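Asks: Turn these sequences into a full structure, and let the hints guide you.
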Amino acid sequence: MSDQLSFEALFRRWSRKLTLSAEDRAAFVALPWTLRSFPRDGYLIREGDRPTVCNILVQGFAFRQKLVTSGARQIISFHIPGELLDLQNLFLETADHNVQCLTRCVMAVVPRRALQELMTERPAIRRAIFLDSLIDAAVFREWVVNVGRRNARQRIAHLLCELTARLRASGVSDGSVYDFPITQEQIADATGMTPVHTNRTLQSLRRDGLISLSSNLLRILQWEGLSEVGDFNERYLHHSV
Amino acid sequence: MLLSPARILVSTLVEASIFREWTVNVGRRDARSRISHLLCEFAYRLDLQGLSPAGTYELPITQEQLADATGLTPVHVNRVLQRLQAEELIDRDRRIIRFPDYRRLQDVADFNTRYLHPVQEVE
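Protein sequence lines, in the order shown, are assigned to chains A and B.
So the number in this note's numbering is just where the residue sits in the first sequence, counting from 1, plus 767.
So the number in this note's numbering is just where the residue sits in the second sequence, counting from 1, plus 139.
Calculated directly from the structure, the hints in this document are not laboratory data.
Values in this document were obtained by computation on a predicted structure and should not be read as measured data.
Even for Gly, the Cβ is constructed at its ideal location relative to N, Cα and C.
Please note that the accuracy of each hint is not assured.
Cβ-to-Cβ under 10 Å is the rule here; a few derived chain B residues that face chain A [to be verified]:
no.: 1; residue: SER156
no.: 2; residue: TRP161
no.: 3; residue: ASP186
no.: 4; residue: LEU190
no.: 5; residue: SER191
no.: 6; residue: GLY194
no.: 7; residue: ARG253
no.: 8; residue: TYR254
Replies: Right, here's the structure in full:
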């Protein structure tokens, strides 16, 4: 994979929000990064680690999660190529959650010190990382709302709408049909539900002709209808700022 | 005081961490732990700012707002607060709240301060 290709999705995403010059891109590519492959379910970071690198997702899907003392797991976000998975490790010493691969993944691994220095030298990169951290926070807020105040159908429809909107914006997929790498158990952990309830709710969305989901292929049959059920408004994703 | 860009970014990152913990709280903790967690966070953040001497806190939050912060109904919140009071984990007098056994409340809450990143090193 060529150097530029590894960061194509990242640059495309940042360029929707700000002007990234050829020099900015070149400086980013010149960082001392390495490509690393991770197996499905592999851990990138565990809560309590003191990471010295940042991970940019190049290929595959990943998620962040936390465990509570009862042993239950809450998934707190899903990630697609072109996203920084651990922005907080750039400046916070100790990881406060786990980061795990949903599928086989390729990461561009950058030493945090080098990325910090680049932020000092390159205002556009600094701005891009600032925006990412603010938008991350907006997505986390929306998830609190989703899990706290929406019913089962709304929660799952909202989650599917968010993933679709993000994939569509990233150019990875046109968003109407895509490989859906998330198990029903993981959907349950992302929405604060049980797997049984999740299964029943997915079936009801299917029955209503809003989606079809078979052998990991998700088809959005009625985008408007699904958005309405999910109380979904893309504003919090800040696709353009 | 002028804040450096790194400092501002750190506060954004800590904020995001708090939102993540809130998703965990509403998603995977029972009502008693949720409310306890919210109270522990509230007390800890005030302590960090040195705003509440002697373990006494003014809690200007209604039960309805507590419900909206934890994804519960006000009736349920009321019941949980009464239970926490009966267990001598909290002590309420109008808007003043005390925590007679903060350590035990932390256990009930599954509260770990790590997500608040009390110590940050910023060059």
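Asks: Taking 10 Å as the limit, does the beta-carbon of ASP186(B) come near enough to a beta-carbon in chain A?
Replies: violated, 19 Å
Asks: Does ARG253(B) meet its interface restraint, that is, does its C-beta lie within less than 10 Å of any C-beta in chain A?
Replies: Holds, because the Cβ-Cβ distance from ARG253(B) to chain A comes to roughly 5 Å (cut-off 10 Å).
Asks: Quick check on SER191(B) please, does its C-beta sit within 10 Å of some C-beta on chain A?
Replies: Since chain A brings no Cβ nearer than about 24 Å to SER191(B), farther than 10 Å, the hint is violated.
Asks: Taking the least C-beta to C-beta distance, is SER156(B) closer than 10 Å to chain A?
Replies: holds, 5 Å
Asks: Under 10 Å, Cβ to Cβ, is where LEU190(B) needs to be relative to chain A, so tell me if that hint holds or is violated.
Replies: For LEU190(B), the interface hint is violated, since the closest Cβ of chain A sits about 23 Å away, which is over 10 Å.
Asks: Hint validation: TYR254(B) versus chain A, beta carbon distance must be below 10 Å. Holds or violated?
Replies: TYR254(B) check passes; min Cβ-Cβ to chain A is 4 Å, inside 10 Å.
Asks: Just to be careful: measuring from the Cβ of GLY194(B) to every Cβ in chain A, is the smallest value less than 10 Å?
Replies: violated, 24 Å
Asks: Double-check TRP161(B) for me: the hint is only fine if its C-beta lies closer than 10 Å to a C-beta in chain A.
Replies: With a closest approach of 5 Å, the TRP161(B) hint holds.
Of the hints listed earlier, those the structure fails to meet are numbers 3, 4, 5, 6, in rising order.
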